[in-house]
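Protein chains in written order, with my numbering: chain V, 1 to 403; chain E, 1 to 403.
Hints are computed from structural coordinates only; laboratory data are not their basis.
Any given hint could turn out to be false.
Identical chains share a label here; the pair holds if one copy fits it or two copies do between them.
Said to hold, decoys possible - Straight-line C-alpha distance at most 25 Å; calculated SDA-like pairs for lysine to any residue:
1. K49 to G65
2. K49 to G69
3. K211 to D330
4. K188 to G98
5. K400 to Q242
6. K166 to G402
7. K400 to P254
8. K17 to N246
9. K17 to Q143
10. K17 to R312
11. K17 to M140
12. K211 to Y85
13. K400 to W349
14. K296 to Q244
15. K400 to D306
16. K84 to G158
17. K400 to D178
18. K400 to R228
19. K84 to L327
20. K49 to R181
21. K166 to F382
22. K166 to R312
23. K211 to I129
24. K84 to E241
25. K266 to E207
26. K199 to Q390
27. K400 to E283
28. K400 to N173
29. K84 to Y6
30. K211 to E303
Protein chains: 2
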Amino acid sequence: MIDFEYLSDIVQPTDSKIVMLVVDGLGGMPHPDHGRSELEEADLPNLDKLASESSCGLTIPVLPGVAPGSGPGHLGLFGYDPVKYLMGRGVLEALGIGLTLGEGEIAARGNLCTVDDQGILTDRRAGRIPTSESTPLAEMLDQIEVDGAQISVYPVEGYRFALVIKGEGLSDNVSETDPQRTGVAPLKSQSIDGDAASKRTAQVINEFVAKAAEILGGRDRANMVMLRGFSLMPELPSFGEQFQLNPAAIAAYPMYRGLASTIGLKIIPTGRTFDEEVQTLREHYEEHNFFYIHYKPADAAGEDGDFLGKARALEALDQSLPPLLELAPDVLVVAGDHSTPAVLAAHSWHPVPVLINSKWTHGTGSRAFSERECATGALGTFYAKHLMFQALAHADKLIKFGP
Amino acid sequence: MIDFEYLSDIVQPTDSKIVMLVVDGLGGMPHPDHGRSELEEADLPNLDKLASESSCGLTIPVLPGVAPGSGPGHLGLFGYDPVKYLMGRGVLEALGIGLTLGEGEIAARGNLCTVDDQGILTDRRAGRIPTSESTPLAEMLDQIEVDGAQISVYPVEGYRFALVIKGEGLSDNVSETDPQRTGVAPLKSQSIDGDAASKRTAQVINEFVAKAAEILGGRDRANMVMLRGFSLMPELPSFGEQFQLNPAAIAAYPMYRGLASTIGLKIIPTGRTFDEEVQTLREHYEEHNFFYIHYKPADAAGEDGDFLGKARALEALDQSLPPLLELAPDVLVVAGDHSTPAVLAAHSWHPVPVLINSKWTHGTGSRAFSERECATGALGTFYAKHLMFQALAHADKLIKFGP
């Protein structure tokens, strides 16, 4: 799994503790008006001081030029090759609402949509129907029974729902029913590989969609469903076993807890704010020797294209850091799963600032925690999937490779 | 072998000469008292001037965070993937005393150790017995005869010896007899894969150990042996053929000569000092177009945790350079097999400074030969296994790849 076949020969369990703070969408871009990035715009006394005492660098989440989703972005930071262990859209949607997927269960992302009386798509998002209106519809869809499989439907938000198919001999190698444009009818799902399992799964899906169309048929909008991203949970090796750690995750958002649980991190319940996450870390600090702690607001502001909002979100993070820093973990890693420059209002391909602080770092010239300062840091620019090796090395958890 | 399947299509033999100076344990870390690394502390007029006229960078010996032994560290510099071509501890021990291993011969590292009258280990290093006492014991062990194989024992130093097993149908897939701690009995070697060859090899080993115990049994210390690192020489493709070079090695220490000989470098006999190595280079300069020349003292001081000693060793190197620089090789590479920061007193994971000087380099901003200056150099931070490509390119030995 891990990108180094001899890892088990050199990794050793020790008492030293690693805290990995993942700032979602950490990296940004210079604003065209003044040339400062969000990190450079923000007033970050704690992070800048930390950077000046740390080894800094940039991580490439997947490959140069490739902007990752949250799934690949996080798996890379956890040491998994994000190309090898790709999670489907359906799986991520299920994780995002706190579902756990069993072996062989197929998840999909569903849209409520609107079709005309000829069955032609007129609105792929059903007029952005509010959650209050869509939730009872999801509950009706959840009652649908199909031949040879059990289908569950879970409301997500607005027009979105998650769907899980359980049954024997199913496959996720089936096509999506969302044609990705209006003016045409939703598609029938089809087997992609021609195998019996995927043919049967496509049948199950099409039967479900037909029954959903009947149930919703009398409505003006949200009178049809479309399904995308049929996917199984990939078999992910245990993070704790591979790295010889006793790891835990602290994350306010369900999807990040879901991601962490898929690789075997113990999920510690926490509150809805980062301050509460830090408090949780402090309360459970003795129980584990690896903590993943997640900060979301920087990404949210970046996705909204809110440059100052993202800078403020980074400042809020900075202000919340002292009780975390007081713990003085043997290794503190501050990393991001990807960049989300407000200028782009989207996840981007830009390498992401990272710092590692330990007794073996003394600062090597980076004066602030920013894209520019990290670009000349001692860690260099490297693949996120190798970050865990760096963290382990700085925690004295790796012995020499080879004689 | 080489990490580029089309290399043979683009490499061309030319008259240009490449000298690769490998400074063992070259890279260091800032000293916590003053923030300067060993390279920054040392007065290095020749190396600093060279850096200012060269392209500089950092090499990653194996992977970020991974500290290599000398074997993987050197193989990377020679262009071999150090993960793919891992040499065992036994092979390195044999190379270190100048042995050549034939095909199918299994080498191991041996310890003389002390057991009590119950056979329980009381000292894994036999009281650090002096070489004068251990050498006759190794000679006695060398007389041991076992069924179906021929075993040779060679004294190394102090409690250490090398063992080589020759025979038909043997395998190195057998377990070590060293339990790595006292208070228990040495282990029996066992087949790891359950194959006939490894079962037979384990038998041979256990028979040897039983006879060794008999021979040494009357003694107070050094009355038992333990064996580790059973290994075959990996099949390493020829360096000269792959890179279309006529290569030679100049190294005062046997292990580095051994490493070089395994990839087919011609070993030129030399003296015990670097000055003598340089003299040897000058005398044989017309005979080859690639020279590997090795400098050891920096690593030795680093391993001892002697910060100033390492700085002085680097200064001594610098002072010895003029007669080498006078040769004005078409390409001069100064590289290290790994970092050995005195602060850690061990090989480390830190990227290693490197410079390439040729008619195609004019200096790109690095003002000195140090970790910090090389971090912003024109070569960037790259895997050591790609260094040879850079050296060949700067020597006009690579044509364009692809039409």
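These are the hints, each one checked on the structure:
1. Taking identical chains as interchangeable, the C-alpha atoms of K49 and G65 lie at most 25 Å apart only when they sit on different chains, with a minimum of 23 Å there against 30 Å within one chain.
2. Proximity of K49 and G69 under a CA criterion of 25 Å is satisfied in neither setting, with 30 Å inside one chain copy and 34 Å between copies.
3. Proximity of K211 and D330 under a CA criterion of 25 Å is satisfied in neither setting, with 57 Å inside one chain copy and 48 Å between copies.
4. In this assembly of identical chains, the alpha carbons of K188 and G98 never lie at most 25 Å apart, being 29 Å within a copy and 51 Å across copies at closest.
5. Taking identical chains as interchangeable, the C-alpha atoms of K400 and Q242 lie at most 25 Å apart only when both belong to the same chain, with a minimum of 17 Å there against 29 Å between chains.
6. Within a single copy, K166 and G402 get their C-alpha atoms only as close as 46 Å, which misses the 25 Å cut-off; across copies the closest is 23 Å, which meets it.
7. When the C-alpha separation of K400 and P254 is checked against a cutoff of 25 Å, the pair qualifies only between copies, where the shortest distance is 21 Å, while the shortest distance within a copy is 38 Å.
8. With identical chains, the CA atoms of K17 and N246 are at most 25 Å apart within one copy only, with a shortest distance of 10 Å there and 50 Å across copies.
9. When the C-alpha separation of K17 and Q143 is checked against a cutoff of 25 Å, the pair qualifies neither within a copy, at 47 Å, nor between copies, at 51 Å.
10. For a Cα distance limit of 25 Å, the shortest separation of K17 from R312 qualifies neither inside one copy, at 30 Å, nor across copies, at 36 Å.
11. Taking the shortest Cα distances, K17 and M140 never come within 25 Å of each other, neither inside one copy (48 Å) nor across copies (49 Å).
12. Proximity of K211 to Y85 under the C-alpha cut-off of 25 Å is found in neither arrangement, the shortest distances being 34 Å within a copy and 52 Å between copies.
13. Taking CA atoms no more than 25 Å apart as the test, K400 paired with W349 passes between copies only; the shortest distance there is 9 Å, against 33 Å inside one copy.
14. For the identical chains of this complex, K296 and Q244 are neighbours neither inside a copy (28 Å) nor across copies (34 Å), given an alpha-carbon limit of 25 Å.
15. In this assembly of identical chains, the alpha carbons of K400 and D306 lie at most 25 Å apart only when taken from different copies (20 Å versus 46 Å within one copy).
16. In this homomeric assembly, K84 and G158 never come within 25 Å of each other (Cα to Cα): the closest approach is 32 Å inside a single copy and 48 Å across copies.
17. With identical chains, the CA atoms of K400 and D178 are at most 25 Å apart between copies only, with a shortest distance of 18 Å across copies and 52 Å within one.
18. For the identical chains of this complex, K400 and R228 are inter-copy neighbours only, at 16 Å across copies versus 46 Å inside a copy, given an alpha-carbon limit of 25 Å.
19. Within a single copy, K84 and L327 get their C-alpha atoms no closer than 35 Å, and across copies no closer than 40 Å, so neither meets the 25 Å cut-off.
20. Proximity of K49 and R181 under a CA criterion of 25 Å is satisfied in neither setting, with 50 Å inside one chain copy and 43 Å between copies.
21. Taking the closest pair of Cα atoms, K166 and F382 never come within 25 Å of each other, the shortest separation being 40 Å inside a single copy and 44 Å across copies.
22. For the homomeric pair K166 and R312, neither the shortest alpha-carbon distance inside one copy (44 Å) nor that between copies (69 Å) is at most 25 Å.
23. Taking identical chains as interchangeable, the C-alpha atoms of K211 and I129 lie at most 25 Å apart only when both belong to the same chain, with a minimum of 21 Å there against 84 Å between chains.
24. For a Cα distance limit of 25 Å, the shortest separation of K84 from E241 qualifies both inside one copy, at 19 Å, and across copies, at 23 Å.
25. Taking identical chains as interchangeable, the C-alpha atoms of K266 and E207 are never at most 25 Å apart, the minima being 38 Å within one chain and 49 Å between chains.
26. For the homomeric pair K199 and Q390, neither the shortest alpha-carbon distance inside one copy (46 Å) nor that between copies (39 Å) is at most 25 Å.
27. With identical chains, the CA atoms of K400 and E283 are never at most 25 Å apart, being 34 Å at best within one copy and 37 Å at best between copies.
28. In this assembly of identical chains, K400 and N173 lie within 25 Å of each other by CA distance solely across copies; the values are 21 Å between and 43 Å within a copy.
29. Taking identical chains as interchangeable, the C-alpha atoms of K84 and Y6 lie at most 25 Å apart whether they share a chain (18 Å) or sit on different chains (10 Å).
30. Proximity of K211 and E303 under a CA criterion of 25 Å is satisfied in neither setting, with 36 Å inside one chain copy and 73 Å between copies.
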